[in-house]
Amino acid sequence: MPDDVIQLLVGGLLLGGIYGLAAFGLSISFGVLNVLNLAHGEFLMLGSLAAYCAFVGLGVNPFLGAVLIIPVFVLIGMGFYHVLLRPISDKPPHQLPVASILVTLGASLAIEDLTAFFWERPITGIAYSLPPLNIGGVVVSSLRLLILLFICALAVVLQIYLKKTFTGKAIRAITQCRDGAKVVGVPIASVSAITFGLAAALAACAGVFYVTLFTVTPVIGIPLTVKYLCVVVLGGMGSLVGSVVGGLILGLAEAMTAYYLGADWSPCAAFILLISILIIRPSGLFGSNG
Amino acid sequence: MNRGISAIIPIFIGLIISWSAIPAMAADVPDAVVIGATVSQGGHFSSEVGPFKRLMDAWAELINEKGGIRLKQYGKSLPVKFVVYDDASNEATTKKYYERLATVDKADLLLGPYSSPLTFAASTAGENHKIPFIAVCANSPKIYSRGFKWLVGVIDLGPRYTYRYWEMIKGEGKAKTVSFVVEDTLHPLGVFEGSKKLAEEAGLKVLSGEVMPADTKDFTPAITKLKKDNPDIVYVSSNIPFAINFMKQAKEMKLNPKEYHCIHHSGVFRDPLGDAADYVVGQSYWVEGMKLGDAALIVELLKRAKISEPMYPWAPAYVAAFQIIQAALENAGTLDKEAVMAALKSLKLDTVLGPEQFHETGYGMINTYPSQIQGGKHVVIWPKEAVTGEHVYPRPAWK
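From first to last, the protein sequence lines are chains G and D.
For the first sequence, the residue numbers in our numbering are 23 to 312.
For the second sequence, the residue numbers in our numbering are 1316 to 1714.
Treat the hints as calculated values from the structure; they're not laboratory data.
Since this is a predicted model, take the numbers as computed values, not measurements.
Where is the CB? At the ideal position from N, CA and C, for every residue including glycine.
Check each hint, because a few of them may be wrong.
Far from chain G, some chain D residues (derived; all Cβ distances over 10 Å) [unchecked claim]:
| no. | residue |
| --- | --- |
| 1 | Ile-1323 |
| 2 | Pro-1345 |
| 3 | Ala-1347 |
| 4 | Ala-1375 |
| 5 | Glu-1406 |
| 6 | Pro-1456 |
| 7 | Asp-1499 |
| 8 | Lys-1511 |
| 9 | Lys-1543 |
| 10 | Glu-1675 |
| 11 | Asn-1682 |
| 12 | Val-1694 |
| 13 | Pro-1711 |
| 14 | Ala-1712 |
A few chain G residues facing chain D, derived, Cβ under 10 Å [stated by the list, open to error]:
| no. | residue |
| --- | --- |
| 15 | Gly-34 |
| 16 | Asp-112 |
| 17 | Gly-128 |
| 18 | Ser-151 |
| 19 | Gln-181 |
| 20 | Asp-201 |
| 21 | Ala-203 |
| 22 | Val-238 |
| 23 | Pro-245 |
| 24 | Gly-284 |
Please model the complete structure; the sequences and the hints are all you need to start from.
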C-alpha cells in the first residue's frame, strides 16, 4: 500500500479516536437518560480551559490532567443534572428529548457567554508535543496515538464499570427499562445524576486532549456538539462501541475525501456517509432496533 | 406715561422673541461628536477585537482631556462620545445595530466593525443614511466595488496585504517555489488570490493552492501532499485558529519547508505553539521599536485600555482610524456630513501606521510589514527603513 494511503489511514484513525471520545458522553446521556444534551460541547470547552490552567499554572501533564479532571466534572455534571434536568425528568418519553434540548441549549448559551465574558484569552491552546514515530516512512503522531490508546483504555474501563459495579448495572437497567428499574429499587434520580456526571466528565476528558491538539475558544461548544451528535447517530444511540467506531469511520472518511477530492468535500462526504448508513440501518451501526 | 409704555412694549416683545430664540440657536450647536460603532465582544471575532470598546473609550478620554475636537463652525471644541454595541460577530446583528446607530442614536460618523463580512453588511447603513463610514479592519475588494460614496477604509486591499513580503522575497532571490494552504473564508481567500499573483511576479513557481474549510482539524491530507511537493515556502493564508492547528500538525508530521508564512501570527498564535512558532513569518501593522509614526500614541492608548498589542495586533489600525476621524473633523470644521465626507476623501495624513490617503473607491494605503518570530518576539524584516531585525532564511528544520 502506498505510503500516502497509510499516512492518511493513520491520520484519519487518530482523528476519529478523538471524535469517539467526545461522542461517548453524548451517547451515554441520550442512551440512558433520553436527554439530548446540547451543552455537551460546553463541558468539553470547560475541560479544555481547566486543562490549560493546570498545564500553564501547575505544569500538569495533559494525560495526568485528563485523569484528575474526571472526578471534578462528575460532580459538576451531577450538579447540572440536579438543577436543570431533574425537574424535567418525569416528562413523558416523547416530550423529554424536546424539553432537554430547550434546557440544555439555554444552558449552553449561558455557559458560552459567561465564559467569553470572564475568560479574557481570545484563543487557548497548550504547547505540548511529543516526538513523532517514523514507522517505515510513515510519520505517526505519537501524541495522537497515545490519545487513541487512552481512549481505548477508557472504553475498556467504562465497559467493566457498567458490567461489574452496582451503579453500572443500575445504569444498564435504566436503559433497558426505566419503570422496571424503579420497581426493583434502583434509585433513579441519583443513578441518572451519576450517569450525567460521567457523560460530562468524558466530555471534559475529551476537552483536555482537544486543547492539546487544537485551539479552543469559548464559542466552540455548540458546533462541536452538532458534530459529535452525527458521530453518535452514525454509531448508534446509547452504544459506546458505536461511538468509537462511528468516530473512526468519520475520521477516515474525512481524511480520504480531503486527499482525493479536496478538503472542501470532506464535510459533504461525512454527511453522505451518515445518511447512507441511516438509510441501510436507521438505528445506526451498533444501535438497537427496538 | 402712555408714550413711555408704548416705548417699553416693543422692547419687551423684542426681549421675549430673543429669549425664545436662544434654545433654538443653542440647539444648532451639537454637544458632542457622536461616533457609532460595533465591537465583536462575543462570537468568533471576539478573539481579535473583544476588548476594543475600551480602546475607543481610551481615545475619547484622551481627546476629551485635551478639550475635545476643535470645530470652527461652532467656535469651540466638542467632546467625543462613542456609542458602541456588541455585534456578536454576526452579520445580521451588525447590520441591525448600524441601522440603529444611524437612525436612533443619530451618529455623526460610523466606525466599521472588525472583518470584511461584517463591514460589507454594516457599510450599507452609512450609504443609505448618508453618514460617513470609516471601515477599519476590512480589506475585501468586494466592499469597495459597490460604488459607495459614503465609505472610506483605513487599510489597503486584501490582495495586496503581503506585497512587501513578496518584494523582500524577490529582492533576496533565494526562494524558488511556494505552496499555499488557504482557509475558505473571505479575507484569507482574497489575500491568497493576490499573493498568488505577487508570488509569480516575484519569480516564484506556485506548486499548489489547497483551499480548506475554516473548521478543518485534520491536515494530514494537505501535509502529505506538501511533503511530496517540497516547496521552499509554505504560505498559510488563514485566520489564527486555522494557522495554529495547521502548524501543530505540520510539526507533528515534520513538514520542513525553508520558510513558513502565516499571514496572521500575533501573540495568540505563539502561545499554543511554543517553539513551533519560531521563525514563522507573518504580517504586522506595527511592532514596538519600528521607526514609523507616533508610537507614543499607540503605547498610551494601549496602556489606558489595558490591551496587549501582541495579543490584539489590530489595535494600531484602530488608533490610525481615530487619527483619521480627528483630522477629517478638524479639516471640515463642522459635523455637517457632506463636509466631513469631503474632508475624508481629500485627506492626506501621516498616521501612526504611515501615510494615509484614500483611493477614489474608498480604500486606504496603510498596509502590513513582514515580521518574523525570533526568540518569542516579532521582528520586522522589510523594508530596510522599518526593520527591527534580520530575516532568518532558511529556518532551522525541526528534527
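Violating hint indices (sorted, rising): Violated: hints 7, 9, 16, 17, 19, 20, 21.
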